[in-house]
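> To convert a position in the sequence shown, counted from 1, into the numbering used here, add 56.
In short, the hints are calculated from the structure, not lab data.
All C-beta atoms, glycine included, are put in the ideal place defined by N, C-alpha and C.
Any given hint could turn out to be false.
[Said to hold, decoys possible] Here are the computed distance ranges between Cβ atoms for each label pair:
(1) Thr96 <-> Thr155: 17 to 27 Å
(2) Lys320 <-> Val156: 24 to 34 Å
(3) Val231 <-> Glu293: 24 to 34 Å
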Amino acid sequence: MKTIGIVCRAAEADRARIPMVTRLIEEAGGRVVGEEDLKTSDVVLVLGGDGTILRAAEGVRGTEIPVIGVNFGHVGFLAEADPESLSDVVSRLVAGEYTVETRTTLAVTVTQPDGSTEEGWALNELALDKVERARMVDLTIGVDEHPISSYSCDALVVSTPTGSTAYAFSAGGPVVWPDVEALLIVPIAAHALFARPLVVAPDSIITVVMNETGFVDGELWCDGRRSLAAPVGSHIEIRRSAEPVHLARLWTSPFSGRLVAKFKLPVRSWKHPDKS
Numbered sequence: 057m058k059t060i061g062i063v064c065r066a067a068e069a070d071r072a073r074i075p076m077v078t079r080l081i082e083e084a085g086g087r088v089v090g091e092e093d094l095k096t097s098d099v100v101l102v103l104g105g106d107g108t109i110l111r112a113a114e115g116v117r118g119t120e121i122p123v124i125g126v127n128f129g130h131v132g133f134l135a136e137a138d139p140e141s142l143s144d145v146v147s148r149l150v151a152g153e154y155t156v157e158t159r160t161t162l163a164v165t166v167t168q169p170d171g172s173t174e175e176g177w178a179l180n181e182l183a184l185d186k187v188e189r190a191r192m193v194d195l196t197i198g199v200d201e202h203p204i205s206s207y208s209c210d211a212l213v214v215s216t217p218t219g220s221t222a223y224a225f226s227a228g229g230p231v232v233w234p235d236v237e238a239l240l241i242v243p244i245a246a247h248a249l250f251a252r253p254l255v256v257a258p259d260s261i262i263t264v265v266m267n268e269t270g271f272v273d274g275e276l277w278c279d280g281r282r283s284l285a286a287p288v289g290s291h292i293e294i295r296r297s298a299e300p301v302h303l304a305r306l307w308t309s310p311f312s313g314r315l316v317a318k319f320k321l322p323v324r325s326w327k328h329p330d331k332s
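Model the full structure from these sequences, guided by the hints.
The following block contains the structure:
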């Protein structure tokens, strides 16, 4: 018997779907556990958008339990299915008819000026933001213990390929296919001649120094859900985490199809070459 964990958005209308989904799972021969017991499940079913999927990924952190989303949100780039497929999704999950995809995550350590440290992780991105809205953070960026550039900016995003379609994309970063092993560095509104997005090796160590010459403290957000203080003088080290996130997949559609569908990209006049 497959045990299915359920996570949904907090809105009352969304939580009202839980009894119906529970019934579908039990009728298919499965067992249901709630969000407080996700680590006892075989797979986690998310009813919501990408934010809810990120919350579910946090709930199974440190395990190999896969997460699958049915998009009741907006874009839902991480979601595998739309609401009209819910019954089919449930029956296939209970039958174990899914594959598992591994997604890179980020690990970060912030060493503050007094020597104290804080650690965090992210599936999509780490976003270093300024505490004071009217000013900029002053940074020096390094890769693999070599300095790259210094600049003041509104924010800095370090992203995984999974997160390349999220905040990093909005900031002008490239879309990176999820099976490409790489990390992205995307500055936002930087005052510098060389402040373009960078794509670095997956095993690179990214260093961000909150320069002593700066006047604004920073705040590091992990997937927009958890924050770490990064005052002036802090030293931030980011690398690929040893604990990836696992996503359950039901279909083998290519990433390009998902990209076109979610962003409603124009593909007029496209003709596949004749293979005959």
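> Does the Cβ-Cβ separation between Thr96 and Thr155 fall within 17 to 27 Å?
22 Å, holds
> Range first: 24 to 34 Å. Now tell me if the beta carbons of Lys320 and Val156 are that far apart.
Check passed, 29 Å falls within 24 to 34 Å.
> Has the hinted range 24 to 34 Å been met by the Cβ atoms of Val231 and Glu293?
At 26 Å between Cβs, range holds.
When the structure is compared with the earlier hints, no violation turns up for any of them.
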